[in-house]
Structures are given as C-alpha cells and as structure tokens.
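*Asks:* Turn these sequences into a full structure, and let the hints guide you.
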Amino acid sequence: MLFMLHGWGDVSASFQFVVDALRRDWRVIAPDWRGFGLSQWNEGPYWFPDYVADLDALLACWTPDVPARLVGHSMGGNVASLYAGIRPERVAGIVNLEGFGLRPTESAEAPARYVKWLGQVRGEAGFRVYTGRAAFAARLRQDNPRLTPERAAFLAEHLAEAVEEGVRVAADPCHRWANPILYRIEEAKACWRRVTAPVLWVRGADSGYLREYIPEEADYFERLACFSNGRDVLLEDCGHNLHHDRPEDVARLIEEFFA
Numbered sequence: 005m006l007f008m009l010h011g012w013g014d015v016s017a018s019f020q021f022v023v024d025a026l027r028r029d030w031r032v033i034a035p036d037w038r039g040f041g042l043s044q045w046n047e048g049p050y051w052f053p054d055y056v057a058d059l060d061a062l063l064a065c066w067t068p069d070v071p072a073r074l075v076g077h078s079m080g081g082n083v084a085s086l087y088a089g090i091r092p093e094r095v096a097g098i099v100n101l102e103g104f105g106l107r108p109t110e111s112a113e114a115p116a117r118y119v120k121w122l123g124q125v126r127g128e129a130g131f132r133v134y135t136g137r138a139a140f141a142a143r144l145r146q147d148n149p150r151l152t153p154e155r156a157a158f159l160a161e162h163l164a165e166a167v168e169e170g171v172r173v174a175a176d177p178c179h180r181w182a183n184p185i186l187y188r189i190e191e192a193k194a195c196w197r198r199v200t201a202p203v204l205w206v207r208g209a210d211s212g213y214l215r216e217y218i219p220e221e222a223d224y225f226e227r228l229a230c231f232s233n234g235r236d237v238l239l240e241d242c243g244h245n246l247h248h249d250r251p252e253d254v255a256r257l258i259e260e261f262f263a
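Numbering-wise, this note's numbering puts 99 at position 95 of the sequence shown, and it's gapless, one number per residue.
Some clues are possibly wrong.
[As the list claims (entries may be wrong)] With beta-carbon atoms standing in for the labels, derived distance ranges:
hint	residue 1	residue 2	range
1	Glu216	Gly123	15 to 25 Å
2	Gly136	Ala229	43 to 53 Å
3	Ala182	Arg215	16 to 26 Å
4	Gly136	Asp210	25 to 35 Å
5	Ala57	Glu240	36 to 46 Å
6	Ala142	Glu260	30 to 40 Å
7	Ala142	Pro177	19 to 29 Å
8	Gly170	Leu62	25 to 35 Å
9	Ala116	Glu216	14 to 24 Å
10	Ala142	Gly212	12 to 22 Å
11	Val70	Ala142	35 to 45 Å
12	Ala114	Gly170	30 to 40 Å
13	Ser232	Ile185	25 to 35 Å
14	Phe262	Val119	39 to 49 Å
Simulated from the structure, these hints should not be mistaken for lab results. Just so it is clear, CB atoms sit at the ideal spot from N, CA and C, and this is done for glycine as well.
*Replies:* Below, the structure written as structure tokens:
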C-alpha cells in the first residue's frame, strides 16, 4: 500500500502519470485534501494542523496496524514529514517531493500579515475563470512548458471544475487567504528530528519553489540533516512539479526506495 499526498492547488489525480509508470503492484491511496478536488470545502479558514489530523485519520482507516509508506508533493510532503515526527511509529518511509518547508519568518512580519488576512476575510479571494478546459490546459502549459499537450489536457479535466462562466481551479477560494500565523521553521525542524523512518528528498534542478523558499543550498542541507536517515536526489530538467515533469524517474525512485 502506498499513500500519495498532493500539494497546494493540486489534486490527487495528478499523480496518475507516476502511477502509470510504477512497475510493481501497488495499492495506491491518493486522497484529495480538504477543500481541493472532490473533497468537501471548509468555506472558511484552513488551519494547517488539520491536514496532519486528516492524514492521521486516513491512516487509521486504511492501515491501522502497519506503518505507512508515504509519498508527498509540496504541501503533501510537508504534512507527511511533520506527521512522521509527531507519530514516528506510524510511518515506514517517506518520499518527499519538494515539501521542504517555507522560508523562515520574523516576528516583525506579523502585523502586516494580520492586516492582509483581515482584508481577505472580509473580501473576495476567488480563482480566475477560464473559458473552458482547453484554455485552462493552455495556461498549464504556459506555466510549465515541459507539460505535453496530452498531460495538460488530462490535468485540466481534474484540476478544473465547471462554473457558470467556464472553468476554474477545483479548490475552495478560501485557500487563497493569507495565513495569519507565521511559519516557524524551528518548530518544523523539531518535528523532523523525531522522525525514525528513512526519508528521501527529491528536488528539481529548475525548481521555482526552491529559488523562492530555500535559495541557499546550505539551508537546504541543514534542513535535510534534521532527519537521522535522510538522503537527497536531484533531478535534472525538472521544475517543482516533479510528478508532471519526470514521472517515470519519480516512479523509479519510489520503487527503489521502498524495495
């Protein structure tokens, strides 16, 4: 059994390219996080620890007695890594696809963050509407030129939902609200240091996520060093969405890691 946990603004179906490339027989459990894809919306604020609790509930349902194999992309990787430190006995291993935390924040940023959050709570923070799925697929390819037309069309079927004016991202618009609680990297590191399972961090050589959130390579390896049994793999010609850009290589790494 293999659990695949998607990132922010994504849906579980986008792992399909990786699943298609797996050579062994796996039972893949790939949920849509709350407020994304086909899952119910909060229609209000999203509290990040709820994702940790949701994962705990999912594992209690599907594998109550056996530690789980987790594959997480971006937000999903962050949830998986935190959970593995909170309940280390429940995790057999993690393949973390660019879910390495956010940039450190300073307490002086808090007032402006609260101001932004209050403005969004009282206003509208919707997603852009596209004329149809073809237009949505074209935008996906504009954002990521590595996507083939066929893969972009597949993603458009699952990442977009129909609305009266066309289609938009299949997600609760409340996800766009700023989080009033600052990200605390030291708290994440404290959880990571409790992880006992082996961990594989996979990053893309052309990742915009790494440039924005972890621009210093020393910071990256300092974070990785929090894991007692962690190692790193760099994929060339690959951006943040490794499961879209190099699904065959991601599938190979997953199977080699869990072999």
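*Asks:* Between the beta carbons of Phe262 and Val119, is the distance compatible with 39 to 49 Å?
*Replies:* 46 Å, holds
*Asks:* A range of 43 to 53 Å was offered for this pair. Does it hold for the Cβ distance of Gly136 and Ala229?
*Replies:* 47 Å, holds
*Asks:* Starting from the hint 35 to 45 Å, judge whether the C-beta atoms of Val70 and Ala142 obey it.
*Replies:* With a Cβ separation near 43 Å, Val70 and Ala142 satisfy 35 to 45 Å, so the hint holds.
*Asks:* Against the range 14 to 24 Å, how does the distance between the Cβ atoms of Ala116 and Glu216 compare: consistent or not?
*Replies:* 18 Å, holds
*Asks:* Given the range 25 to 35 Å, decide if the beta-carbon distance of Gly170 to Leu62 lies inside it.
*Replies:* 33 Å, holds
*Asks:* For the pair Glu216 and Gly123, does the Cβ-Cβ distance stay inside 15 to 25 Å?
*Replies:* Holds, at about 23 Å.
*Asks:* Has the hinted range 30 to 40 Å been met by the Cβ atoms of Ala114 and Gly170?
*Replies:* At roughly 38 Å between Cβ atoms, Gly170 and Ala114 fall inside 30 to 40 Å, so the hint holds.
*Asks:* For the range 36 to 46 Å, tell me whether the beta carbons of Ala57 and Glu240 fit it or not.
*Replies:* 37 Å, holds
*Asks:* Range hint 25 to 35 Å: satisfied by the CB atoms of Gly136 and Asp210?
*Replies:* About 29 Å separates the Cβ atoms of Gly136 and Asp210, which means 25 to 35 Å holds.
*Asks:* Could you say whether the range 19 to 29 Å given as a hint is met by the Cβ separation of Ala142 and Pro177?
*Replies:* 22 Å, holds
*Asks:* For the range 25 to 35 Å, tell me whether the beta carbons of Ser232 and Ile185 fit it or not.
*Replies:* 28 Å, holds
*Asks:* Is the gap between the beta carbons of Ala182 and Arg215 within 16 to 26 Å?
*Replies:* 21 Å, holds
When the structure is compared with the earlier hints, no violation turns up for any of them.
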